[in-house]
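Visitor: Two chains, each in its own frame: build the complex with the hints.
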Amino acid sequence: MPGERLDEQTMAIRAAKEFQEGMIINLGVGMPTFCSNFVPPDIEILFHSENGVLGFGSIVDNPDEADIHLINAGAQPVSPKPGMSFMDHAESLCIIRGGHIDITILGAIQVSEKGDLANYTIPGKQIGSLGGAQDLAFCAKKVIALMTISSKEGDPKIVKECTSPLTAPACVHQIITDVGVLDVTPEGLVLREIVPGWTPEEVQALTPVRLIVPPDLKEMTLL
Amino acid sequence: MINKIVGSFDEAVAGMTDGSTVLIAGFGGPAECPSYLIAAVARKGVKDLTIVGNTGGWGQQLLDVLRTRMSVILRMPPDWYDPGLLVERGQVKKGILSFAAAPARILTPFEQGVLAGKVELELLGQGTLCERIRAAKSGIAGFYTPVGVGTVVAEGKEVREFNGRKHLLELALPSDFALIKAHKADRYGNLIYRGTARTFNPVMAGAARVTVAEVDEVVELGELDPEAVVTPGVYVQRVVVRPKEPRPWNEPM
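Protein chains in written order, with the working numbering: chain A, 72 to 294; chain B, 1329 to 1581.
Since the hints were made in silico from the structure, they are not lab data. The reader is advised that the hints may include incorrect statements.
As the list claims (entries may be wrong) - Here are the simulated DSS-like pairs of lysine-lysine, each with C-alpha atoms no more than 25 Å apart in a straight line:
#, chain 1, residue 1, chain 2, residue 2
1, A, 212, A, 185
2, A, 185, A, 88
3, A, 152, A, 196
4, A, 231, A, 213
5, B, 1512, B, 1332
6, A, 196, A, 88
7, B, 1512, A, 196
8, A, 152, B, 1512
9, B, 1332, B, 1372
10, A, 185, A, 289
11, A, 196, B, 1421
12, A, 196, B, 1446
13, A, 213, B, 1494
14, A, 88, A, 289
15, A, 231, A, 185
16, B, 1375, B, 1421
17, A, 223, A, 185
18, B, 1494, A, 231
19, A, 212, B, 1494
20, B, 1422, B, 1494
21, B, 1494, A, 185
22, A, 212, A, 196
23, A, 88, A, 212
24, B, 1422, B, 1375
To be verified - Chain B is nowhere near these chain A residues, computed Cβ spacing over 10 Å in every case:
#, residue
25, 81
26, 117
27, 196
28, 259
29, 267
30, 275
31, 287
32, 292
Every residue gets a Cβ at the ideal spot worked out from N, C-alpha and C, and that includes glycine.
Isolated chain B, as found in the complex (with noise of 0.2 Å):
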């Protein structure tokens, strides 16, 4: 019997190792954002991580005060952590992202890890970010864009024309594990999503050896409709639910 789902957090990120290359799904809000499984990779405690998303998170101590500051306009709920919590705990060394910035004057735990030396940025724009990505998933070596031409993006980077337009070379981003979050799943790791949480999520599925899906909820076989699945399961190894109630990142689960 093929049965992805595994009873713990904790299971649900064995074998991540020092060192290892993690992409963490999520785009800037909490739906979208694969919580208790940054929470887990906390516990563990693996170090010199390479992350790979859109943003290096708030962490802990900033999302404190954004909780506050944006309940006049969106509910934040309380179990939201974000890739910030393995960086305020000294567990990355790199960041390849897309928004490394707080578009603020506050500085996060990634920016102050940058200006201290003790953390490295490649920066991306969202559509190369996610190219590089869907290169390691579908078994492409690399891609030629304009995008990033004659900007920062291009350091280093081979220059070809094609049709007149100079373009360049970008290669596939392979990673270790990926980490998701998903609506609904199935045993056999079938995903849909809901709104606008589906960013990120299907794209690094399947772009790492493991990935693993955080979702709210697992239905039966044959509940999710084939024509409205999202991910396929072949793209996913295994199946974590969220608890019901809001439970700290640092109790083991």
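So here's chain A without its partners, still in its complex pose (with noise of 0.2 Å):
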């Protein structure tokens, strides 16, 4: 028997240990923007959202303390904060397009064995919303999909080849997902960290996509 998968905020937990001091982070719209509550407290990193704010707080959930004019891309409200800059929507894309942006950690419904992206569309839906997602897919240093490894039908999200549209090929380095993390590179999908309770062979079961398993092959840690 497998063990337990990690929940939403435990893999937020997990990709946000790819936080380090100075960072500019871009986080996608779901469950990538849950990754601010967490950033480790003794290093200092920037968030930016791509309608025109760098630098923002954390994500305000009353709505006595929440300012329309202070949303995130996900028109969430968020917190102020010391050293905060507001910019037009064409500066914001020139951070992310100009390759200013160190991590973003986007949602994913496929990711491919050669790390092409399919996260645009809506399951269910022939229209899709590429928003920010594809400037920042195709231009930040490192992007990283966040996701779990099933779909909730239990269908693979690691995939030969994607099915649902592109939304950037061949861009995303790491994949972390609800049993493990993974290293996308040119001589396959790597296995980097499982999580606890967990072997090798059923991370592979659920996933069609041969999975290198390394020797330094680590548990999964939060701290």
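Guide: Pasting the structure below:
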């Protein structure tokens, strides 16, 4: 029997471990926004949101403190922070397209073994929303896909070829899932970390992509 | 005397005709949305519009639902009218949009229009959308970007390699009207914004034949700090002030 799968908050905690001092981070809509709640206390990073703000604080969940003039790309109210700056949308996209984002964490519908990302359509819908995700996927220095390894229906989300339309080809560097962390390499997908209670064989059973299991495979830790 | 302030929203959209291409600023929330200008276009009833912006809007029905659902985290003003109002009323034939589908299973009026074959969609990422608008504003015919190569947005576009990387040729997007929202204006049309309500507004200002700014407040010439002006007045042809109290969209004003 495989172990428990991580819940969304715990996946976000693991993803936030990638943040390092001084980084500019852009979090995609949905689960990735949770990562802003788990910034390591000893480092200073700046969150960027494509609607035109850099250096904002945490998500505000009280309507008395929320301001419609300070929202993130998911239209969630966020808090102001000293050092914050506003810019127009074109300037904001220059930050993305000019390669000034160190890490973007994006949700995904599918990721292929080559790192192709499909995330702009909504399951069951024919129309999609590229938003700022395509710019982020093409241009960020590091693209992390944060997703469960299987869909709600139990289908694999790590696939040989994406069947959902691509947001960007060969762009994902790392996949953080509810059972382990994988790196996209020229040799293929490497299982770097595994959630306690799981074996590499049990993770392998959840994707048709042949996973490379290195001798230094680690158990995932959150600290 | 230069005075770009006009007395009514109906006057602010004068000259818009059937078939116009209209830049509609806003991102996805109420603060950055030119609500009363959209309402004036709805009252005017012009048809076959091509709308350009981030979203195709929610429309009045879904905004009412959203207002209730969102009230636990963010209070939405009652006078938020978005591009969905124009779609609901059958005034839109095409949308050049980035966030075309609602991030949920519900279908917006725009999505319903596309599925019914009544509305055409050209989907772009926000970077290319901004840059095509900016190109029109700055007299650039087009530009090359690597973003979109190998995806749906590349269909029918020229591909050229620079420094070993494939790029798409994207063309300037000229428009007839730009409807924008700003915080404060003076009679020259100089504008400042507030917080994340800046977003697409300064990008669209000046990118159309006629730019109209809906503002919270008009101040005396000289009151806006020249160091703080975001949109210089040259880009703006008309300025109109929002009412102090919320008004229904279908009331002439």
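Visitor: Work down the list of hints and note, for each, if the structure agrees.
Guide: Status of the hints after comparison with the structure:
no.: 1; hint: 212(A) with 185(A); verdict: holds, 17 Å
no.: 2; hint: 185(A) with 88(A); verdict: holds, 24 Å
no.: 3; hint: 152(A) with 196(A); verdict: violated, 37 Å
no.: 4; hint: 231(A) with 213(A); verdict: holds, 21 Å
no.: 5; hint: 1512(B) with 1332(B); verdict: holds, 13 Å
no.: 6; hint: 196(A) with 88(A); verdict: violated, 34 Å
no.: 7; hint: 1512(B) with 196(A); verdict: violated, 40 Å
no.: 8; hint: 152(A) with 1512(B); verdict: holds, 24 Å
no.: 9; hint: 1332(B) with 1372(B); verdict: holds, 21 Å
no.: 10; hint: 185(A) with 289(A); verdict: holds, 23 Å
no.: 11; hint: 196(A) with 1421(B); verdict: holds, 20 Å
no.: 12; hint: 196(A) with 1446(B); verdict: holds, 17 Å
no.: 13; hint: 213(A) with 1494(B); verdict: holds, 20 Å
no.: 14; hint: 88(A) with 289(A); verdict: holds, 15 Å
no.: 15; hint: 231(A) with 185(A); verdict: holds, 8 Å
no.: 16; hint: 1375(B) with 1421(B); verdict: holds, 8 Å
no.: 17; hint: 223(A) with 185(A); verdict: holds, 23 Å
no.: 18; hint: 1494(B) with 231(A); verdict: holds, 23 Å
no.: 19; hint: 212(A) with 1494(B); verdict: holds, 18 Å
no.: 20; hint: 1422(B) with 1494(B); verdict: violated, 29 Å
no.: 21; hint: 1494(B) with 185(A); verdict: holds, 18 Å
no.: 22; hint: 212(A) with 196(A); verdict: violated, 30 Å
no.: 23; hint: 88(A) with 212(A); verdict: holds, 17 Å
no.: 24; hint: 1422(B) with 1375(B); verdict: holds, 11 Å
no.: 25; hint: 81; verdict: holds, 23 Å
no.: 26; hint: 117; verdict: holds, 15 Å
no.: 27; hint: 196; verdict: violated, 6 Å
no.: 28; hint: 259; verdict: holds, 20 Å
no.: 29; hint: 267; verdict: holds, 33 Å
no.: 30; hint: 275; verdict: holds, 28 Å
no.: 31; hint: 287; verdict: holds, 33 Å
no.: 32; hint: 292; verdict: holds, 32 Å
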